[in-house]
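Residue numbers (the numbering used here): 1119 to 1518.
If you're looking for bench data, these hints aren't it; they were derived computationally from the structure. Hints may contain errors.
Claimed, not checked - Simulated restraints on C-beta separations:
#1 H1406 x Q1443: 16 to 22 Å
#2 S1497 x R1172: 38 to 44 Å
#3 D1310 x E1387: 55 to 61 Å
#4 D1219 x A1243: 46 to 52 Å
#5 S1497 x P1211: 46 to 52 Å
#6 R1373 x T1245: 15 to 21 Å
Said to hold, decoys possible - BS3-like mimics (lysine-lysine), calculated; alpha carbons at most 30 Å apart, straight line:
#7 K1264 x K1254
#8 K1249 x K1460
#9 K1176 x K1264
#10 K1460 x K1176
#11 K1460 x K1254
#12 K1254 x K1176
#13 K1460 x K1514
#14 K1176 x K1249
#15 K1264 x K1514
Everything numeric in this text was worked out from a predicted model, so none of it was measured. Where a beta carbon is used, it is the ideal one built from N, C-alpha and C, also for glycine.
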Amino acid sequence: MPVAGPVLLHPTPPTFAQDPQGLLAAMGKHPGMIVHNAVTGVAETPIHLLQGHRVTPKELLFVRNNQVLPGGLTLNPYPSTSWDLEVGGLVTPPRTVRFSDLAPLQQAETVAVLQCAGNGRAFYARTAMTKGTQWKRGGMGQLRWKGVRLRRLLDSLGMHVDPRARFLTAEGRDSPASPAVDDYEQSVPLADVLETALLATHMNGEPIPSVHGGPLRLVLPGYYGSMNVKWLSRLRFEDRASMSRHHAQRYRTFRHRVAPGTAPDVTPETTNPTWRQRIKSVIWNPLHHQRVRRGPMTISGVAWNDGRTEIVAIELSLDGGRTWQRVDFDAPFGRYGWHPWKAALWYGGNRYPSWRDPSTELRVRAFDAFGRSQPDDGSVHWNPSGYEWFGVDSVKIFVI
1119 MPVAGPVLLH PTPPTFAQDP QGLLAAMGKH PGMIVHNAVT GVAETPIHLL
1169 QGHRVTPKEL LFVRNNQVLP GGLTLNPYPS TSWDLEVGGL VTPPRTVRFS
1219 DLAPLQQAET VAVLQCAGNG RAFYARTAMT KGTQWKRGGM GQLRWKGVRL
1269 RRLLDSLGMH VDPRARFLTA EGRDSPASPA VDDYEQSVPL ADVLETALLA
1319 THMNGEPIPS VHGGPLRLVL PGYYGSMNVK WLSRLRFEDR ASMSRHHAQR
1369 YRTFRHRVAP GTAPDVTPET TNPTWRQRIK SVIWNPLHHQ RVRRGPMTIS
1419 GVAWNDGRTE IVAIELSLDG GRTWQRVDFD APFGRYGWHP WKAALWYGGN
1469 RYPSWRDPST ELRVRAFDAF GRSQPDDGSV HWNPSGYEWF GVDSVKIFVI
C-alpha cells in the first residue's frame, strides 16, 4: 500500500545510542525511567513512579519497540493527514480507510492494562537467565483508550468477513532494520477479538503519542502488548496465522514444562503465542529492600488478568508464604483494568494483623473465579525468551 513519507519529529534512534538521558528527554519521559535500549527506545518505569496513578500518565508509561517509525520517538502526535489503513484478505470488499474516516463513526472507550509480554523476565534469572530485556515490574501501565471498534468499522463500511477467516493479522507502518529481517506483524484469533478490538486514536483523552503507536494503534484488551500493534497500517483477515518470525518463532511460550537453561525447538505443536495476559498481582509499596519504621504501615499494589474471568480474592503473606490473609481491593475501571488493593498493618505492637520479625518477605497472589492463581515459584513456566512471568510477587523489607 503506498503511503506518504514519514515526517521527522525527532532525530533517528541511533542519535541516542550512547545517551539514555537524551533519549528520555527527547521522548518526553520522566528522567527517572530506566533505559534498556537507547537505539530502538526501550524504557521501564520504576515501580515507585506508578504508585498513586489509577491511569498511567503518558510521561510514565513504559516504552517497548521492536521496530521504530522514523520520527516516532516522541510524546507528540504523529501527523495523521496522510495516514491510511488497509483492510483486506478474506473480507469483501477490501477497503483503504483514511484516518479522517474514523472520527465520524461511533466511538468507544476501554480502560485496559497494557503489559509487555516480557514484563517480569528478570525474575526468571533466579533459576536461569533468559534472553531479552531484563524487565522487572515496570513494563506495564493502565490506559484509557478511545477509538472505533473493529466490528463497528466493518458494519459501517458494509464489509463482510468470509467464514473461512480465523485470524486477524496486524501490521504497522514501521519497517525492519534491514530487508533481510521479517517485518513485525502479529496474528490473534478473530472470533476472540472481533467485538472487542479497538482501532484506537486516543490515549488518556489525547491523540496517541507517536512513541506509543499513534496516530493509530490496534488495542486488544486483555492481550499482551506485543499483540497491540503500533502505527497500524494494515489488517488482514486470514485462514491461518502469520508465518512472520515474530509471530511463529519469537513471541511464544512452551505448552509443557521446559528445563531451565535449555533451548528446545519452537514449533506450532509445542508452543503457544503470547496472547492473553495471565493473572497477576504486584506489590507497589513498600519497595524491595526498603527500610520502614515500626508502627502502622499500609502495603498496597494492583492485581489484574485478561478480563475474561472475575478476580475474587487477593491474599498477602507477611512471612514469606507460610501463612496468608485476604486483603481489601477496589473494583477496576473496567473488566480489563487492574484492581488496586491495600492492607493496613502494624509492626511491633499488639494490634492484629501484626508481626515482629524485623526482616520479612512480603508476598501477594490473586485468585480468579475458576480458582486460578499465581504459582509460588514463577520459574515453573521458565522459557528461553522469558515471556509471561506471573509468579507470586515478593519484596523483602527491613523494619527499623
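Going down the list of hints, with the structure as the test:
A beta carbon spacing of about 21 Å between H1406 and Q1443 agrees with the range 16 to 22 Å that was offered as a hint. Under the hint 38 to 44 Å, the C-beta atoms of S1497 and R1172, about 31 Å apart, miss the expected range. The hint said 55 to 61 Å for the Cβ distance between D1310 and E1387, and at roughly 21 Å that hint is violated. Roughly 47 Å separates the CB atoms of D1219 and A1243, a value that falls within the hinted 46 to 52 Å.
The hinted range of 46 to 52 Å is satisfied by S1497 and P1211, whose Cβ atoms lie roughly 50 Å apart. The beta-carbon spacing between R1373 and T1245, approximately 19 Å, falls within the hinted interval of 15 to 21 Å. A threshold of 30 Å between alpha carbons decides the hint, and for K1264 with K1254 the separation of about 29 Å falls inside it, so the pair holds. Restraint check: the Cα-Cα separation between K1249 and K1460 comes to about 34 Å, which exceeds 30 Å; the hinted pair is violated.
For the given pair, K1176 sits about 15 Å from K1264 by alpha-carbon distance, which is consistent with the 30 Å threshold. As the CA atoms of K1460 and K1176 are separated by approximately 25 Å, the hinted pair is consistent with the 30 Å bound. Distance hint between K1460 and K1254 is fulfilled; the C-alpha atoms sit about 21 Å from each other, no more than 30 Å. In summary, the hint linking K1254 to K1176 is supported, as the alpha carbons are separated by about 19 Å, within the 30 Å threshold.
At roughly 17 Å between alpha-carbon atoms, K1460 and K1514 fall within 30 Å of each other, so this suggested pair holds. Between the alpha carbons of K1176 and K1249 the distance comes to roughly 28 Å, so the proposed pair stays at or under 30 Å and holds. As the CA atoms of K1264 and K1514 are separated by approximately 39 Å, the hinted pair breaks the 30 Å bound.
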